[in-house]
Amino acid sequence: MAYVSVKGGERAISNAHQWLDEMRRGDTSVPELEVEQIREQLSLAVDRVMMEGSCYDPDLAALAIKQARGDVTEAIFLVRAYRTTLQRFGVTEPLETSRMAVQRRVSAAFKDIPGGQILGPTFDYTHRLLNFDLYDTGPAAMAPKAVDPVAETVPTIASVLAHESLLEEPPADAPDADAPYDLTRQPMAFPAGRDQRLQALARGDEGFLLSLAYASQRGWGNTHPLCGEIRMGAIAVEFTPEELGFPIEIGEIVVTECQMISNFEGSADRPPQFTFGYGLTFGHNERKTMSMAIVDRALRHKEIGETPAHAVQDEEFVLYHSDNVEASGFVQHLKLPHYVDFQAELQFVRRLCKEWHEAREGGEDSTTNDPLIAEAAE
Amino acid sequence: MESQDNEAANAGPQHKLRQRTHALIARSSFKSVRAAFDRFEGVPKVERLRPTEVGLVMVQGRVGGTGGRFNLGELPVARAAVRLPDGTLGVGYVAGRDCDHAELAALADAMIQHESWKADLESVVLTPLEAELAAARAGKGRKAAATKVDFFTMVRTRGEK
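The listed protein sequences correspond, in order, to chains A and B. Sequential numbering from 1 applies to the first sequence in this note's numbering. Sequential numbering from 1 applies to the second sequence in this note's numbering.
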């Protein structure tokens, strides 16, 4: 059968897009949202778009949210598409999260963690009752300030317990180590190193990782973690430009980091100790970062000597399906024209149906050499 | 990492000065940097060495915060390179997509290397920016401190037997 392309639809598409623009604006008697308002007042949506869009730019993420009518997955796609238009200047020095100016730092495992339990701006402990006062705009809320600020840096959970060697220490890169895996330039490959897994999880869909982490906690996995530490705050980004040859700070970004602790009962080679799952994301992305840490730990079964038995421990399953731009594209492409596919299937099912009825009418002893028809007759 | 730290530590005072200048300009908002330069009388004329442009850097993290590196995600950066009339070169790299901000960073980088501008740049631009950043940081730090949990333990007092 010849492949026939069908044209037409340009006018319909153009009109549909114009209607989309009108719908985006909504009721014109209501003031239009400005990108700055989205950036400042829907900042957690902005943070999610920056992380899963894999591009730290609050203004672009806010613009994408406006353009996508608040559809976060669509906004992530827009940001991913934009980043491909820019050249890469290089790679930063690794973030030193221990030097973070923390706005929030809590440990669920260690009550007396040095530096203290700093709650920061959190939804935790709110009653989740709708606040009808927010219907009105009013004077800005002001956070109370203590007399003295928190310490410039607070110690990490790992450094606090390091002297007892009860916590595993993540191995540093060998001096001759290759550059870490980069999914923006290399295709997904297996078995994946932890660098590749963490990059994929950082970009991965929050909902997918949350469900996997939840499943693994409930028994479809092997993690029984405690939250060793969550910290969120600003951190300097250092980069060494070729022209200079020494590192300079190029700005400050906000990140969220999570260390999940699971105990490990020891093996012939390793003494019993606590193992870590690690999560790190752009912005304030706590649910995502915790989920990332749980899934990271589950994916380390081989290294730790656990027997994998669940989806969350299957790196191909997890990493191939965590990217919502790819997932959304593949699921949503089904609504694009498949007229020829369907025509072919229609002909096939019609033929089967006809033969099935003929076989019925021909009596039980009618014989056929076609296995499909024989199967259909059964 | 050790070697990089050592390099930074061994870098001459010139590197330190330039690093401090870059950090203050890049961490400050463009608005603050612009305002600081507006206060500066007789900013030298510079010439662009190449078109100021926006690109990306890949931000790296470390496994567990201290281990091997991994790629976290990208960050837009504007970069500029300028030359003072006497030939001193300045380079600017600032996170974000603001080319004007990167050009001011490049200008500051050139001026801090130059004996005739260094002192004024420090007093008119850098010192005020540093104070502004410190105040902003302290403000956030005080808000964070106000949310620090003050644990107390309920001590059970036993009655006389």
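FYI, nobody ran anything at the bench for these hints, they're computed from the structure. Be careful, since some hints might not be right.
[Unchecked claim] With a straight-line cut-off of 20 Å between C-alpha atoms, the simulated SDA-like cross-links for lysine to any residue are:
1. Lys302/A to Leu336/A
2. Lys148/B to Pro149/A
3. Lys145/A to Val149/B
4. Lys148/B to Ala108/A
5. Lys145/A to Arg137/B
6. Lys140/B to Lys66/A
7. Lys143/B to Ala234/A
8. Lys148/B to Gly207/A
9. Lys140/B to Arg270/A
10. Lys16/B to Arg99/A
11. Lys16/B to Thr240/A
12. Lys140/B to Val147/A
13. Lys16/B to Gly245/A
14. Lys140/B to Ala141/A
15. Lys145/A to Lys16/B
16. Lys145/A to Lys143/B
17. Lys148/B to Ala234/A
18. Lys143/B to Val30/A
19. Lys145/A to Ala134/B
20. Lys140/B to Glu242/A
21. Lys140/B to Gly115/A
22. Lys140/B to Glu252/A
23. Lys148/B to Ala143/A
24. Lys16/B to Pro31/A
25. Lys143/B to Pro114/A
26. Lys66/A to Lys16/B
27. Lys140/B to Arg99/A
28. Lys148/B to Gly245/A
29. Lys16/B to Ala108/A
Quantities reported herein were computed from a predicted structural model and do not represent experimental measurements.
Going down the list of hints, with the structure as the test:
1. Only pairs whose Cα atoms come within 20 Å are accepted, and Lys302/A paired with Leu336/A is rejected, the gap being roughly 41 Å.
2. For the given pair, Lys148/B sits about 10 Å from Pro149/A by alpha-carbon distance, which is consistent with the 20 Å threshold.
3. Only pairs whose Cα atoms come within 20 Å are accepted, and Lys145/A paired with Val149/B is accepted, the gap being roughly 14 Å.
4. For the hint linking Lys148/B to Ala108/A, the alpha-carbon distance of about 14 Å falls within 20 Å, and the restraint holds.
5. Distance hint between Lys145/A and Arg137/B is fulfilled; the C-alpha atoms sit about 12 Å from each other, no more than 20 Å.
6. A hinted pair counts as satisfied when its Cα atoms are at most 20 Å apart, and Lys140/B with Lys66/A does not qualify at roughly 29 Å.
7. A distance of roughly 14 Å separates the Cα atoms of Lys143/B and Ala234/A; the hinted pair therefore holds under the 20 Å criterion.
8. Only pairs whose Cα atoms come within 20 Å are accepted, and Lys148/B paired with Gly207/A is rejected, the gap being roughly 30 Å.
9. Between the alpha carbons of Lys140/B and Arg270/A the distance comes to roughly 43 Å, so the proposed pair goes past 20 Å and is violated.
10. In summary, the hint linking Lys16/B to Arg99/A is supported, as the alpha carbons are separated by about 19 Å, within the 20 Å threshold.
11. In summary, the hint linking Lys16/B to Thr240/A is supported, as the alpha carbons are separated by about 14 Å, within the 20 Å threshold.
12. In summary, the hint linking Lys140/B to Val147/A is supported, as the alpha carbons are separated by about 12 Å, within the 20 Å threshold.
13. Between Lys16/B and Gly245/A, the direct Cα distance comes to roughly 13 Å. Compliance with the 20 Å bound is thereby established for this hinted pair.
14. Taken as a hint, the Lys140/B and Ala141/A pair is honoured in the structure, with Cα atoms around 15 Å apart against an allowance of 20 Å.
15. For the suggested pair Lys145/A and Lys16/B, the alpha carbons sit about 34 Å apart, so the restraint of at most 20 Å is broken.
16. With a C-alpha separation of about 4 Å, the suggested pairing of Lys145/A with Lys143/B holds against the 20 Å cut-off.
17. Distance restraint check for Lys148/B and Ala234/A: the Cα-Cα separation of roughly 18 Å lies within the 20 Å cut-off, and the hinted pair is therefore satisfied.
18. Proposed proximity of Lys143/B and Val30/A is contradicted: the alpha carbons are some 35 Å apart, above 20 Å.
19. At roughly 15 Å between alpha-carbon atoms, Lys145/A and Ala134/B fall within 20 Å of each other, so this suggested pair holds.
20. Using a Cα cut-off of 20 Å, the hinted pair Lys140/B and Glu242/A is violated, with the two alpha carbons roughly 34 Å apart.
21. In summary, the hint linking Lys140/B to Gly115/A is supported, as the alpha carbons are separated by about 16 Å, within the 20 Å threshold.
22. For the hint pairing Lys140/B with Glu252/A, the CA-to-CA distance comes to about 14 Å; that is within 20 Å, so the pair holds.
23. Proposed proximity of Lys148/B and Ala143/A is supported: the alpha carbons are some 13 Å apart, at most 20 Å.
24. With a C-alpha separation of about 49 Å, the suggested pair Lys16/B and Pro31/A falls outside the 20 Å cut-off, and the hint is violated.
25. Between Lys143/B and Pro114/A, the direct Cα distance comes to roughly 18 Å. Compliance with the 20 Å bound is thereby established for this hinted pair.
26. Proximity of Lys66/A to Lys16/B is assessed by CA-CA distance (about 42 Å); at most 20 Å being required, the pair is judged violated.
27. For the hint linking Lys140/B to Arg99/A, the alpha-carbon distance of about 15 Å falls within 20 Å, and the restraint holds.
28. Restraint check for Lys148/B and Gly245/A: the C-alpha separation of about 41 Å exceeds 20 Å, so the hint is violated.
29. With a CA separation close to 40 Å, the supplied pair Lys16/B and Ala108/A exceeds the 20 Å bound.
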